Amino acid sequence: MIRTRTLTLTLLLTTAFGLISCRGGSESGRLTVAMMPKNKGNPYFASCRVGAEEAARELGVKLLWDGPTETDPAKQNEVVESWITRGVNVIAVSVENKEAISTVLRKARAKDIKVLTWDADAEPDARDFFVNQATPRGIAETLLDHTSRLLGGKGTFAIITGSLTAANQNEWIRQIRQVMAERYPNIRLVDIRPSDDDRQRAFEETQTLLKVHPEIKVVMAIASPAVPGAAEAVKQSGRTDVRVTGLGLPNAARPYLKDGVLDSAVLWNTKDLGYLTIYAARALAAHAVKPGDASLTAGRLGTVKIAGDNIILGVPFTFTKANVDQFDF
Amino acid sequence: MIARITHERVLVGVLLLELVLFGAIGSNFLTVGNAAEIVRASAEIGLLSLALTPVIVTGGIDLSVGSLLGLCAVVLGVVWRDADLPMGAAAVTAVAIGIAGGGVNAWLIARGIPPLIVTLGTYSLFRGLAEGITGGVRNYSNFPHAFLWLGQGDIAGVPSQALVVAAATIGFWLLLHRMAIGRALRAIGFAPEGARYAGLGVTRSVGLVYLLSGAAAGVASLLYVSRLGQAKADAGTGFELMAITAVVLGGTSIFGGRGTIAGTLLGVAILGILQTGVRLADLPAELAGVLTAVLLILALGTNKLFEDTGERLDA
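As given, the protein sequences belong to chains A and B, one line each in that order.
Start counting the first sequence at 1; every next residue gets the next number (this note's numbering).
Start counting the second sequence at 1001; every next residue gets the next number (this note's numbering).
Do not take every clue at face value.
Among chain A residues calculated to face chain B with C-beta under 7 Å, some are [as the list claims (entries may be wrong)]:
(1) Asp66
(2) Pro73
(3) Ala74
(4) Asn77
(5) Glu78
(6) Glu81
(7) Ser82
(8) Thr85
(9) Arg86
(10) Gly87
(11) Glu99
(12) Ala100
(13) Thr103
Covered stretches of chain B, going by a simulated chain A footprint (3 or more residues, C-beta under 8 Å) [to be verified]:
(14) 1137-1143
(15) 1228-1234
(16) 1272-1280
The calculated EDC-like cross-link candidates involving lysine to aspartate or glutamate, where the alpha carbons are at most 20 Å apart (straight line), are [claimed, not checked]:
(17) A:Lys40 / B:Glu1286
(18) A:Lys40 / B:Asp1282
(19) A:Lys111 / B:Asp1154
(20) A:Lys98 / B:Glu1131
(21) A:Lys107 / B:Asp1154
(22) A:Lys40 / B:Asp1234
(23) A:Lys38 / B:Asp1234
(24) A:Lys154 / A:Glu215
(25) A:Lys62 / B:Asp1282
(26) A:Lys107 / B:Glu1037
(27) A:Lys38 / B:Glu1286
(28) A:Lys217 / A:Glu204
(29) A:Lys111 / B:Glu1037
(30) A:Lys98 / A:Asp121
(31) A:Lys98 / B:Asp1234
What the hints contain is simulated information worked out from the structure, not anything from laboratory work.
Bear in mind that the values here come from a model prediction, so they are computed numbers and not experimental data.
Positions of the beta carbon are idealized from the N, C-alpha and C atoms, including for glycine.
Build the full structure now, drawing on both the sequences and the hints.
This is the structure in structure tokens:
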């Protein structure tokens, strides 16, 4: 008896809950931008958040920052669902699962919420713009600038890559070859060796490289675990005429940058990425930007290029001995 | 009749409190749309929790359901895309894999291995198989619209998965509260040896609840994949603990013998509302975890105070 009554009561409650409705509408007043990292606990994203908050202060935008703290792939979707319910003005997501998130982002667009992706993209029809942190071409140019500077415009270098099949790295290598052909006729790439995204493997491969090709003066490590691995190998070899450059995260690079073995670590400025995302969100909400536009003005970043439906952060950022202490990720 | 403080009444109180609180401080919380979203987000955990209630009533546990959901999701993708069979066949296969997984648990538990150990093992096994099949990275998507309707569609505003959960609720309610086997399950939970000597088919009854738990994981995988539109090996990570939390919050004794379907449903609702409410009220999402702990202790503590007025064996 009691149990049946409780069950009825539950059902009644659920119905009532559904019927007390229609406070509807969006959050009043300020523009609300909801921004999601892939993972809230990752220092990389914490650094992006700093820039996003800076831009939000400048623009008087209300910034909601939320995302998964665990590995459950459904979490990003649930957070977006709750933002749709809240009625935020713009949603900006760094996408973990392209297919899954696209479903719910399309739903947000259908409800007239502006959608951006940043850092990692969803399916193109699920968002208005992708805030793209770096193009492969831009990365290749910056890496070769450093290499050429270290070689004095003439000489040989070798690459430590991720795995030999990694799509990202192979695209970068393709662009590196192209930029070399166009601009650096006196620089020669003699070898490409895999690290399988493992620091120890990068260490061993770099040791081998230095023995097989004693003439190389620059090791370019283009996977982030490979940077400290390659730097350690060069350091232990005692070859003061060989320097390392590459793509990497500042915390892993810091000790080698300070040693001088590692000349530079190229990535993008994570703070600027967060900053630009908020400026893009604001412009989108104000209908001040549409696909096909050539550029966007973004506060202290000045004029930022737009390519199709990609808003490009610009030239990659280089961590050096001088600036690495400003970053913590 | 004297009003008694039962655990369910405490839960209804908690639920009302949540509605009032989040209704006051959350944006667009008390809306039909939000109610539908909460139902959608809670449906898979709801199914797993319903099936887990009789398991825990027998004094057992099933830690493998989240992993099994992942395996079923992956199998669904493989059968549909790689084997190029119709979606219906893939769905049936996924549920069959769920039942088979539950069968593995049931068979091992019938051999006298404690459920905690068996399902801890299959927890790793099922997830491992799912990762092995997909290499951990393969992701199935672009499912047919008719299938996605199950997770994203509605009938006159009622989310489609609500119907599945309603059907499962009725089924498990009949099983636990209206059929002879329900009484047997409680008896087993209180005293398995006693139940055996009383001539109850202990092995068969216990086997059945693990089979049903596996079947629920299979059906939940369909809801999950159709809601998210993707099937990947990490589907349902951590769902087993959320389901156990809901069941225990619902008043089912972790030592067995006691538990109700209504309580479990209330537990699922309270946790689902909490998660969404915290987000809509602009509170840090981590608070949901802390509040879950507070609720669990509060609800069960209150229950303890009035223990002798609570559940009875002949419920």
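Earlier hints that do not hold, by number: none
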